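Trainee: Take a look at the letters that make up each chain.
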Amino acid sequence: MTYKTDEIWEDKWVNTTCGVCYCGCAARVRVVNGVPVKIEGISESTMGGTGSGLCGKGTAGLMYYHDPNRIKKPLRRTNPEKGIGVDPKWKEIEWEEALDEIATRMKKIMEDDPNKILFTNQTMRASDGPHNHPYFYAQAYGVKNNGNFIIGGGSLHCGNAAHMLGGLIHGAWSIAPDWRYTKYVLKWGSSKGTGSGHSAMTNARLRADAVRRGIHEVVFDPMGNFAGGKATEWVAILPGTDTAVGLAIANYILNTRGEIDELYLKAKTNFVYLIREDGTFIRDEKSDKPLVFDSKEGKIKEFDDKSIAYEDFALYGDYEYKGEKVRPCFMALKEHLKQFTPEWASEISTVPVGTILKVAKNWVDNAQIGSTITIEGKTFPYRPVSSVTFRGAQGHSNGIHQVAAIDLMSQLVGAEDVPGGTMGWPSKRRKYPGGQYERMPRIGKDGVLIPAVFYSHDPWPVHIPSVPCDNNGCVNFWTHCTLSHIPYVKERDYIHEKFGMGSKPEMIFGIAANFIISNSDWDVAVENFKDCFVVQNDLWVNETDQAIGDIILPDVSYLEKDCWSSEIDAFFFSGSPSNEDWYVHMQQPVAKPIGESRFFMDVYIDVAHRVGVLDKFNESLNNYYGITDEELKIKPGEYLNWKQIGERFMKWVYGDDKEKVEKQGFATWHKPIEDVYWRWNTESRCPVYMEFLIHDRRAVDKIIEDTGFELEMDLDQYTPMPSWFVPTSYKELDNEYDLLAFSYRDILHTNNTTFQNPYVDEVSKMCPYTFTITLNATLAKERGMKDGDIIWLENKYGIKENGIVKTMEAQSPKVVGISGQGGLWADGRPIAKGKGSNFCKLLPSYLRHYDPITGNIETAVAVKIYKD
Amino acid sequence: MSNKIHELVQTMFPPDGSGLKPYEWMVSPTRQRQWIDDKGIFLWLAFFFSEIGAGLYFVSLFYEYKAGLILGWLITLVLGGVIHMLYLGNPFRAWRMIMKPSTSELSRGIWIIGIFAALGLLQIVTAGSFNIVFNCIMGILCLLIISHGFATMNVIRALPAWSSTMVLPLSVISGIWIGHQILQFMFAVSGPQTLVSGMEIWAEAFFFAYFLCILLYAWGTYHSNEIGKESIILQVKGELSKISLAGVGGFGIALPLILTLIMWGGDTNSFLIFLRLASVLAGDLALRYVIMKSAMYKPLI
Amino acid sequence: MPRWGMVIDVKRCIACWSCTIACKEEHFLPPGVFFNRVLIGETGKFPSSSKLIYPILCNHCSDAACVEACPTGATYVREDGIVAVDDEKCVGCRACLVSCPYQQRTYYDQKVKDREYFPGQGKTEMELIGEKLYPLKVGTVIKCNFCAERVDDGMKKGLKPGEDEDATPACANACPVNARIFGDLDDPDSEISRLIMEKKGKQLRKEFGTEPAVYYID
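Protein chains in written order, with the working numbering: chain C, 5 to 872; chain D, 37 to 337; chain Y, 134 to 351.
Isolated chain C, as found in the complex (with noise of 0.2 Å):
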């Protein structure tokens, strides 16, 4: 739509899908004489925002493209001193000679031991996906578990404990309000809907629907920013503390007011089996199955007895099994809340008496309980209410009490995957017409769900924490990470001599992770992987390549990557969490590779090759798919490149549409309502008593006796209902260090990748905070400072880290906030270095800031600030 002169020989959209941020919105873009000049989102596809809309940081995609920083060859670091301020001494290799160095260094660590090799993968490089595939390619290498993994970008602050409730819950990966028809909406440091999360365009569209149809939001947060600021009501909250006010909210419905959904709890909690007086369930002796009461019968029964009708489950009352006193787990729910005060609450919390009362009201108000819905003919219950938590709130060393507390209170009056309600991203991904390719959730162990697909670490079913540990991050031992934080704990040498972990990492292949400076401690990080031989596959060189990399291999960015796979693997957090169609999209090159540069899953299947697993992990990839035809199987010996591995697999996925959805580069097709709202008619029940927790815990114990493991670790914690512990900033509080710092989600930004990208830079200068430091304008003026100021953050370890202040009236006097990942110093990124703030850094790595169960990082640190 510009001037065009005779100079123009192609002027062409090409289909694709965004590789800024995890989410993978539907992108088209423009190329002109071979060069790309504009990216907007595609108007038929429904992954997105609306129309042809893409965020921000989206349409600044193309900077990725035109990066004069960019890696053009192989890199060889020639200085063997490693270290933060250490010039590596980079030498341009030739291809050839960096894949046989890492092959070769690979079969010797091998023939030892292959746990000592870790491969890492990173969600947000710009060059997404595949995305699962770096886990089973680890195993094609004799890898054990998932423990090796070290995440990088979104690191430990992201995820465990919400994705553990979320795979428990939903069977799903994360959480959304059903925008479409919910009414009130309470979100906990979570910014679903206003630019963050999962399918954060998808979510913002529908969510500005819903604004836009009068739905009342709630946002409990330290700052009144992306979500609160967007809110109907912020209700400004310390760091950590939504537990407190979660629980409150349940006694509230449960206690005070006493309406819940006792169909919902009955039909679909473990809430009504039974247990001991030791918390523990009462199992059938043969078939270990937890045992119910059937009360129109008066009888004890197996919980999935086809015989009980739904409303005939007891949740009250107390009963006797073979001598023992016994009684449904929600009686203890209903007991163990009464404690829970709002003033209680409020005193922890900083959020009035009044307010929580008033949400409560609210809640069991608007959450019409007992009412159904029809849509597409088909009746569910209708509950438009919906709490919803992710990085935020559940970022605490008391994580899994924090989701545990907010789920809490959908349950109680049955607003869990009904409409209206809170929805697990899509569980399933049904087969495109014609196709092959179907993940269905299963229902495992006690009528839980085990999710179709989760990265790393399946949250059902739990196993009981054991020792020796066989991996880098002790998964035997601390079972419901998704993501080990071992690997990046101050005390990992302790903890792998007690626990018996010989595989001492010596080398690392990953993904364009920045795991130096985007977890914790930096000086932590780079003592603990240090001494490995690093290879990664990045853009650019970053802090981590600088610090700590030997080998840094050029990879394409998604503009010049060919990926059919892209969003196939990524159903279970792309996708609609909402009513709407399925879809897929595939990631196609814009543009020629820059320079050398080779897409990762590319180099992957080479240096596979060239070890010898090849066979291996293209045996994995014909299970992944379930590919059953033999013709369209790879097979031994065969070597094929993404590319051509996706001529064969795509025809398994898309049958005979395999063309013209190569065509389209994108597919969609027709999502019926009884897969939207598919739980209600599962025989499934969600895990809400945490009764697993009671049998880690003894494990627990023992192990640490046994081994004499000194460290503190918050034990009670192994509880099976969510109660309140004090997160470990909090426990670093006092005269001196007085204010807690916090990190939020900056929608211009994931994590520092972004901050390479100049269009993206120039308007991140134009907003006041994401650059910044913010304090509440009270608090600055107490504190004689003001806006511009520079002052300096420092934690009770002596680490610190300065910026400039910016004053706003929408943040918790007792808090100090900084967006994220900025304070970069990378030679390789010009335009990121030097600009925000380093939150990370500030965050000690004790096994103490961890989270005991789940294994989140504590993203709250006591600071003391002053001016430079």
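In short, the hints are calculated from the structure, not lab data.
Where hints are given, some of them may not hold.
Some chain Y residues near chain C, calculated using beta-carbon distances under 10 Å [unchecked claim]: (1) T176; (2) S181; (3) K265; (4) E298.
Cross-link-like lysine to aspartate or glutamate pairs, in silico, DMTMM-like; alpha carbons within 25 Å at most [unchecked claim]: (5) K435/C <-> E380/C; (6) K769/C <-> E60/D; (7) K270/Y <-> D73/D; (8) K334/D <-> D351/Y; (9) K222/Y <-> D286/Y; (10) K871/C <-> E60/D; (11) K769/C <-> E275/D; (12) K222/Y <-> D74/D; (13) K111/C <-> D535/C; (14) K120/C <-> E510/C; (15) K265/D <-> E275/D; (16) K534/C <-> D831/C; (17) K837/C <-> E60/D; (18) K144/Y <-> D213/C; (19) K335/Y <-> D320/Y; (20) K647/C <-> E442/C; (21) K244/Y <-> D73/D; (22) K596/C <-> E260/Y; (23) K300/C <-> D322/C; (24) K290/Y <-> E48/C; (25) K334/D <-> E340/Y; (26) K335/Y <-> D213/C; (27) K837/C <-> E43/D; (28) K144/Y <-> E60/D; (29) K246/Y <-> D10/C; (30) K868/C <-> D791/C; (31) K837/C <-> D52/D; (32) K144/Y <-> E344/Y; (33) K16/C <-> E296/Y; (34) K790/C <-> E43/D; (35) K16/C <-> D285/Y; (36) K40/D <-> D872/C; (37) K647/C <-> D633/C; (38) K256/Y <-> D15/C; (39) K289/Y <-> D15/C.
Computed from a prediction, not measured in an experiment: that's the story for all the values here.
Where is the CB? At the ideal position from N, CA and C, for every residue including glycine.
Keeping the supplied structure of chain C fixed, place chains D and Y upon it in accordance with the hints.
Mentor: Below, chains D and Y without anything else, positioned relative to chain C:
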């Protein structure tokens, strides 16, 4: 102004001369920069020269002094005009500026300058041209040119510091005052001293009028609205305070006041007149500078 | 003849800056030049303060201060209400720029033209091709033109601006939450006319008296 800029600020928000961080743009009162910063400085000089030139021409009319006319005409057209052209993005298209006299003050100004150039030349080259009609026409043209710069600024409603009521009187008085001073100096070096001494009574009047106009401008603008107030605060308290104090206060008002008092009653002295001229030139440049530099837009939110 | 205008739904906007960046891509604007921006501010006191987010662009005023100030007629209001600049006539006096109370104009000189997105590393292929695809004239004032070339080309193809994306300004297309709605203010049945009526659309700083064609609803 010369404070060391912290490295963090230099990297993240490199100062652009606006005194604001990018995120404060039009969220806080935002200073006008186009007509004073960078190349905009030409406009400041161009307005100044065309106006003092016209001022000189105007005063010379009363003394029927041709050298004054010639110098005034040259300053207005050559200095004012050329500097004006340097400022333009496309100077070769300057002729197009005659196209919109109906709405554009700038366009009207071009017309007036054109007429002034032609008639002025005629008056200069014609003998016996100091007749009442010619003088009246040229007088009016001069007044229009004197006020042209500030009139152009005055019509900009978006900038309260310029659109306040006292801007036009101030500019007229300032043009005449400085024109008068140049003429008095010309007479001091070449003319009869009685004339110089006789002019002093007018110098006293113009100076006090000028002083009064500045006060009224500042008072009026300060009380006009929030943004006008901000502009005046910027002039006297902010980064412009040094220029306001030394330039406007010192050279524009205090020094001329002292010199005027010394020469009170016509006790003139060539050196002092030169000193006063130099001082008022510097003072007026400073005054125009702070007025142009301090104009601010109202935030949009 | 339509009068093109825009409604910006402040309630929907989440300040993602897509409009700003998409506009820069559409017009190949150099660093530091914006036809669209998002103003972010705050009002009220803790704990009941609120965040203000106002996406802004040229208001295409019918009584435009810039048009009035332009001495050459280079800046003019088209019949369809779009305030345009004829870069053949602009002398670069910037009277328009200074006059605009919304500060929506940029003076494009050699210094601006020479800016690089990766400073000191040369212009990218995109910046170079942009100079051919969307040539901007040095020494003139540039501004948002409501993507007049999209609107004109689209209408020639029989498309409807505001409904068909190929005939709609890039910023409106780029918005992921449908916070920008483009359409005909003179058509009482258009979506924007309806929204302005129903939601009591307000012009930004109406008191400037320039009659903007951009309305805000919340």
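Trainee: Each of the hints needs a verdict: does it hold here or not?
Mentor: Results of checking the hints against the structure:
For T176/Y, the shortest C-beta to C-beta distance to chain C is roughly 8 Å, which falls under 10 Å, so the interface hint holds. For the restraint placing S181/Y at the interface with chain C, the shortest Cβ-Cβ distance is roughly 9 Å, inside the 10 Å limit, so the hint holds. For K265/Y, the shortest C-beta to C-beta distance to chain C is roughly 5 Å, which falls under 10 Å, so the interface hint holds. The interface hint given for E298/Y holds, since its Cβ lies 6 Å from the closest Cβ of chain C, which is under the 10 Å cut-off.
Proximity of K435/C to E380/C is assessed by CA-CA distance (about 21 Å); at most 25 Å being required, the pair is judged to hold. Proposed proximity of K769/C and E60/D is supported: the alpha carbons are some 10 Å apart, at most 25 Å. The suggested pairing of K270/Y with D73/D holds, with an alpha-carbon distance near 21 Å, which does not exceed 25 Å. Distance restraint check for K334/D and D351/Y: the Cα-Cα separation of roughly 22 Å lies within the 25 Å cut-off, and the hinted pair is therefore satisfied.
Of the pairs offered as hints, the one joining K222/Y and D286/Y holds, with about 23 Å between alpha carbons and a cut-off of 25 Å not exceeded. Taking the CA atoms of K871/C and E60/D, the gap is near 22 Å; set against the 25 Å cutoff, the hint holds. A threshold of 25 Å between alpha carbons decides the hint, and for K769/C with E275/D the separation of about 23 Å falls inside it, so the pair holds. Straight-line distance between C-alpha atoms of K222/Y and D74/D comes to about 23 Å, which keeps the hinted pair within the 25 Å bound.
With a CA separation close to 18 Å, the supplied pair K111/C and D535/C stays within the 25 Å bound. For a cut-off of 25 Å, the pair hint linking K120/C to E510/C stands: about 5 Å separates their Cα positions. Restraint check for K265/D and E275/D: the C-alpha separation of about 15 Å stays at or below 25 Å, so the hint holds. Annotation: proposed proximity of K534/C to D831/C holds, straight-line Cα distance about 19 Å (limit 25 Å).
Our distance criterion of 25 Å between C-alpha atoms is met by K837/C and E60/D, whose separation comes to about 23 Å. Restraint check for K144/Y and D213/C: the C-alpha separation of about 10 Å stays at or below 25 Å, so the hint holds. The straight-line distance between the Cα atoms of K335/Y and D320/Y is roughly 18 Å, inside the 25 Å bound, and the hint therefore holds. Of the pairs offered as hints, the one joining K647/C and E442/C holds, with about 21 Å between alpha carbons and a cut-off of 25 Å not exceeded.
In summary, the hint linking K244/Y to D73/D is supported, as the alpha carbons are separated by about 14 Å, within the 25 Å threshold. As the CA atoms of K596/C and E260/Y are separated by approximately 18 Å, the hinted pair is consistent with the 25 Å bound. Between K300/C and D322/C, the direct Cα distance comes to roughly 15 Å. Compliance with the 25 Å bound is thereby established for this hinted pair. Of the pairs offered as hints, the one joining K290/Y and E48/C holds, with about 20 Å between alpha carbons and a cut-off of 25 Å not exceeded.
Our distance criterion of 25 Å between C-alpha atoms is met by K334/D and E340/Y, whose separation comes to about 11 Å. A hinted pair counts as satisfied when its Cα atoms are at most 25 Å apart, and K335/Y with D213/C qualifies at roughly 21 Å. Under the criterion of a C-alpha separation no larger than 25 Å, the hint pairing K837/C with E43/D is consistent with the structure, at around 12 Å. Between K144/Y and E60/D, the direct Cα distance comes to roughly 22 Å. Compliance with the 25 Å bound is thereby established for this hinted pair.
The hinted pair formed by K246/Y and D10/C meets the criterion: a straight-line CA distance of about 23 Å does not exceed 25 Å. Our distance criterion of 25 Å between C-alpha atoms is met by K868/C and D791/C, whose separation comes to about 18 Å. As the CA atoms of K837/C and D52/D are separated by approximately 20 Å, the hinted pair is consistent with the 25 Å bound. The straight-line distance between the Cα atoms of K144/Y and E344/Y is roughly 23 Å, inside the 25 Å bound, and the hint therefore holds.
About 22 Å separates the Cα atoms of K16/C and E296/Y, which keeps this hinted pair within 25 Å; it holds. A threshold of 25 Å between alpha carbons decides the hint, and for K790/C with E43/D the separation of about 18 Å falls inside it, so the pair holds. Taking the CA atoms of K16/C and D285/Y, the gap is about 20 Å. The hint holds against a cut of 25 Å. At roughly 13 Å between alpha-carbon atoms, K40/D and D872/C fall within 25 Å of each other, so this suggested pair holds.
Restraint check for K647/C and D633/C: the C-alpha separation of about 19 Å stays at or below 25 Å, so the hint holds. A C-alpha spacing of about 21 Å is found between K256/Y and D15/C, which places the hinted pair at or below 25 Å, so the restraint holds. This hinted pair checks out: K289/Y and D15/C have alpha carbons roughly 20 Å apart, not beyond 25 Å.
Violated hints are absent here; each numbered hint is respected by the structure.
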